[in-house]
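> When you line the sequence shown up against the numbering used here, it's residues 15 to 206, in that order.
Since the hints were derived computationally from the structure, they do not count as laboratory data.
Honestly, I wouldn't trust all of these hints.
As the list claims (entries may be wrong) - If you anchor each label on the Cβ, the simulated ranges turn out as follows:
| id | residue 1 | residue 2 | range |
| --- | --- | --- | --- |
| 1 | W89 | I69 | 21 to 27 Å |
| 2 | E174 | P113 | 25 to 31 Å |
| 3 | E138 | G189 | 38 to 44 Å |
| 4 | P191 | P77 | 40 to 46 Å |
| 5 | M190 | A45 | 19 to 25 Å |
| 6 | P34 | P113 | 51 to 57 Å |
| 7 | P113 | S78 | 26 to 32 Å |
| 8 | L173 | P77 | 46 to 52 Å |
| 9 | L173 | R73 | 43 to 49 Å |
| 10 | E158 | R73 | 53 to 59 Å |
| 11 | E83 | M190 | 43 to 49 Å |
| 12 | R22 | R179 | 32 to 38 Å |
| 13 | R99 | N142 | 21 to 27 Å |
Just so it is clear, CB atoms sit at the ideal spot from N, CA and C, and this is done for glycine as well.
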Amino acid sequence: MAPHDFRRIFVTDAIRSGLPPHIAAKICGHAALDTTMGYAAIYSEDVISHHRAFIARRRTERPSEEYRELTATEWDEFLSHFELRKVALGTCGRDYATPCQHENACVRCPLLLVDPAQMPRLQEIHANLIARLQEAEDQGWLGEVAAIETTMAAAAQKLEEMRDRAAQPSTVHLGMPDFRRDAGRGSAELKD
Numbered sequence: 015m016a017p018h019d020f021r022r023i024f025v026t027d028a029i030r031s032g033l034p035p036h037i038a039a040k041i042c043g044h045a046a047l048d049t050t051m052g053y054a055a056i057y058s059e060d061v062i063s064h065h066r067a068f069i070a071r072r073r074t075e076r077p078s079e080e081y082r083e084l085t086a087t088e089w090d091e092f093l094s095h096f097e098l099r100k101v102a103l104g105t106c107g108r109d110y111a112t113p114c115q116h117e118n119a120c121v122r123c124p125l126l127l128v129d130p131a132q133m134p135r136l137q138e139i140h141a142n143l144i145a146r147l148q149e150a151e152d153q154g155w156l157g158e159v160a161a162i163e164t165t166m167a168a169a170a171q172k173l174e175e176m177r178d179r180a181a182q183p184s185t186v187h188l189g190m191p192d193f194r195r196d197a198g199r200g201s202a203e204l205k206d
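Whenever a hint applies, use it, and build me the whole structure from the sequences.
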């Protein structure tokens, strides 16, 4: 998310919470109220009521079994899926109730979300793959060479992504707006 997105979130939340739009415009430093309302992701009541009517109509058309309460077994199965997503290098991003298509060869899998704390472990795996590649080439194991090269490329890509992510600033300081000047009184006037 960019800092601009946080402004949109702030303005939307502020206006939905009852802050008058013209005050939100002043806080954001907008000269025109239209700019502020463009920031606010607020839909007209007509759009919301049409959406709710669509959902209600859809629910009447679907079998009622789809809207029943979950059993304890179903809920436990759902929660256990997320426990099984935790792997040595991070978290598996596969969808609920889908099997692992890569037979747990996580380094190759594009759905692996590598934990930044596991970077040394991934570097160790990459170094080990280099040694295994040399052995496979020396022995003439061409199938093994191809598999190791594929895994090495995936590991190198994940390491590069981790370095890129580490180089990006993790937080953006937006500062604190000063409303006193814009509100027409300074701190000296407040003391009186």
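> For this structure, which hints from the list above don't hold up?
Hint check: 4 and 12 fail, others pass.
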